[in-house]
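Participant: Here the protein sequences line up with chains A and B, keeping their order. Residue 477, in the working numbering, is where the first sequence stops; the numbers in between run on with no holes. Residue 95, in the working numbering, is where the second sequence stops; the numbers in between run on with no holes.
Don't take every hint at face value.
As the list claims (entries may be wrong) - Partner residues are not named here, just some residues of chain B that face chain A (Cβ under 10 Å, in silico):
hint, residue
1, 14
2, 24
3, 55
4, 59
5, 62
6, 66
7, 68
8, 78
9, 80
Unchecked claim - Taking CB as the label site, the calculated pair distances span:
hint, chain 1, residue 1, chain 2, residue 2, range
10, A, 209, B, 66, 40 to 48 Å
11, A, 209, B, 12, 49 to 57 Å
12, A, 253, B, 42, 22 to 30 Å
13, A, 241, B, 74, 27 to 35 Å
14, A, 1, B, 59, 52 to 60 Å
15, B, 12, A, 241, 32 to 40 Å
16, B, 63, A, 241, 47 to 55 Å
17, B, 71, A, 185, 43 to 51 Å
Hints are computed from structural coordinates only; laboratory data are not their basis. Just so you know, even glycine gets a beta-carbon here, dropped at the ideal spot from N, CA and C.
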Amino acid sequence: MEWETVIGLEVHAQLMTRSKAFSGAATKYGAEPNTQACAVDIALPGVLPVFNKEAARMAVKFGLAIGAAINHRSVFARKNYFYPDLPKGYQISQYELPVVARGQITIDVDGAEKVVGITRAHLEEDAGKSLHEDFHGMTGIDLNRAGTPLLEIVSEPDLRSSKEAVAYLKKLHELVRYLEICDGNMQEGSFRCDANVSVRPKGEQKFGTRAELKNINSFRFVEKAIEFEVERQIDLIESGGKVIQETRLYDSDKNVTRSMRSKEEAMDYRYFPDPDLPPLVLDEAFISDVKKTLPELPDAKRARFMKDYGLNAYDAGVLTGSRELADYYEQVVRESKADSKIAANWITVELAAFLNRDNKDITASPVTVAMMSGLLKRLADNTISGKIAKEVFEAMWNGEGDADAVIEKKGLKQITDTGAIEKVIDEIIAKNPKQLEQYRAGKEALFGYFVGQVMKATQGKANPAQVNELLRKKLGA
Amino acid sequence: MSLDREQVRKIAHLARLHITEPEAAAYAESLSRILGLIEQMNAVDTAGVAPMAHPNEAGLRLRADAVSETDQREKFQKIAPAVEAGLYLVPKVIE
Numbered sequence: 001m002e003w004e005t006v007i008g009l010e011v012h013a014q015l016m017t018r019s020k021a022f023s024g025a026a027t028k029y030g031a032e033p034n035t036q037a038c039a040v041d042i043a044l045p046g047v048l049p050v051f052n053k054e055a056a057r058m059a060v061k062f063g064l065a066i067g068a069a070i071n072h073r074s075v076f077a078r079k080n081y082f083y084p085d086l087p088k089g090y091q092i093s094q095y096e097l098p099v100v101a102r103g104q105i106t107i108d109v110d111g112a113e114k115v116v117g118i119t120r121a122h123l124e125e126d127a128g129k130s131l132h133e134d135f136h137g138m139t140g141i142d143l144n145r146a147g148t149p150l151l152e153i154v155s156e157p158d159l160r161s162s163k164e165a166v167a168y169l170k171k172l173h174e175l176v177r178y179l180e181i182c183d184g185n186m187q188e189g190s191f192r193c194d195a196n197v198s199v200r201p202k203g204e205q206k207f208g209t210r211a212e213l214k215n216i217n218s219f220r221f222v223e224k225a226i227e228f229e230v231e232r233q234i235d236l237i238e239s240g241g242k243v244i245q246e247t248r249l250y251d252s253d254k255n256v257t258r259s260m261r262s263k264e265e266a267m268d269y270r271y272f273p274d275p276d277l278p279p280l281v282l283d284e285a286f287i288s289d290v291k292k293t294l295p296e297l298p299d300a301k302r303a304r305f306m307k308d309y310g311l312n313a314y315d316a317g318v319l320t321g322s323r324e325l326a327d328y329y330e331q332v333v334r335e336s337k338a339d340s341k342i343a344a345n346w347i348t349v350e351l352a353a354f355l356n357r358d359n360k361d362i363t364a365s366p367v368t369v370a371m372m373s374g375l376l377k378r379l380a381d382n383t384i385s386g387k388i389a390k391e392v393f394e395a396m397w398n399g400e401g402d403a404d405a406v407i408e409k410k411g412l413k414q415i416t417d418t419g420a421i422e423k424v425i426d427e428i429i430a431k432n433p434k435q436l437e438q439y440r441a442g443k444e445a446l447f448g449y450f451v452g453q454v455m456k457a458t459q460g461k462a463n464p465a466q467v468n469e470l471l472r473k474k475l476g477a
Numbered sequence: 001m002s003l004d005r006e007q008v009r010k011i012a013h014l015a016r017l018h019i020t021e022p023e024a025a026a027y028a029e030s031l032s033r034i035l036g037l038i039e040q041m042n043a044v045d046t047a048g049v050a051p052m053a054h055p056n057e058a059g060l061r062l063r064a065d066a067v068s069e070t071d072q073r074e075k076f077q078k079i080a081p082a083v084e085a086g087l088y089l090v091p092k093v094i095e
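Let's have the full structure, built from the sequences with the hints guiding it.
Facilitator: Right under this line is the structure:
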């Protein structure tokens, strides 16, 4: 039988506020355990939550970016469960009335566009961390993360493959970083994803029973976890079994998902409006103020890069992958006045390879905008050839100074003096009478041999275009 | 609508409350009476009436995003039953 996969994703994005959602404790990652957990976060009796305006602003910013309606009135509810990572005995979340209503984003899979619905996005607080290493048979609790504001972004079950799921996730990741509402660090857990996965016979309208996959902390794992789970469900059904609704944990070491706890009693959370918190009321003025802070969004930037810089979709996509990279590119084009496609090439190929190799972000690139611009200028004015430019680039990366300094120090200046190049060519021709004879007898492939000899003799510094031109003249004579 | 003792025991378990068998019976009765009152309210036609989330009609007060709390771990952990390496220790929880 042919099966169809149905996926919906729930993303938890930690909002980049300085302080917590409901308390004035700091949210900085990596602090000593419990040094950023105040009386509200550890739920001492008598404390009251006061909501962070910035978290509301960020949620609205997201809603506006996905074309969603913003609910002027949203309500915080208590989601009740007992687990020591939230000592109140409940998580403050939004249930019936979330702040962001239905919106959508467009993804691109293998060149085809697809609109993915976003059901809602709601505000809630993060839980603390449990450390299960041995503390004399006890569990250690760090509540620094408890109360950090989260935006939970729930997609419609519109995704039909692990590939689409990853494309959606990457798009969302790019968006929250553009909006500067979440740092997107998956390693540190600031951008987390749960996947609801089910299968159904192709053509069937009704959804199959779904399993919820948790603990997926990289794009690659999302793909692998979904693929494993789809296979598991199909095998199960085809061998006469039934999928049960449950939460499954993805184990990246073994690449399997395993049952965590029965989710059949999901209703047990007993949500009710939090009596400590009146409705979150956001008026039109608040929303339009937020609207003014919206940056150019990824799709718009991509389209502009293609139009203004004559880039293809792929290069425009890579360069607009983050705001920082896009800014770097635009500054380089502006400063170097280089051809926009050549600049794009240097950034997407050479710079990207080095960043990738050293696992560095563009903001930490040792080759600054000024240095990259300097290099492109020397390339444009023929001081150096493309091949030498790569050598200069590597030297700049290794901290040997800017392009001019490297060229000077290493004596890499291109030889453009026709007389000097001619002299080298004459020497090479004199040294290779046999090859010359063969070339003149019609073995044209030997032209490359002569070019190579000239470049070798000049340590690659002769201007390649001039070498070609002069060689042709001399060999033909 | 009324609650039976089984439902009361389940609710008590979810709230981590220990109740005895006679208590379960008494709660089943009193909680059922509350539900009866709610049923009575349900009978009122409220079409066009906005639900009240809070008796205080005011909206949520918002605070500026600033860190106002200092580290008081030492004080808090003095009253905790068990701590180690800055962590609060609790009976083992395993997923």
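Participant: Kindly indicate which numbered hints from before are broken by the structure, ordering the numbers from low to high.
Facilitator: 2, 8, 11, 12, 13 and 17
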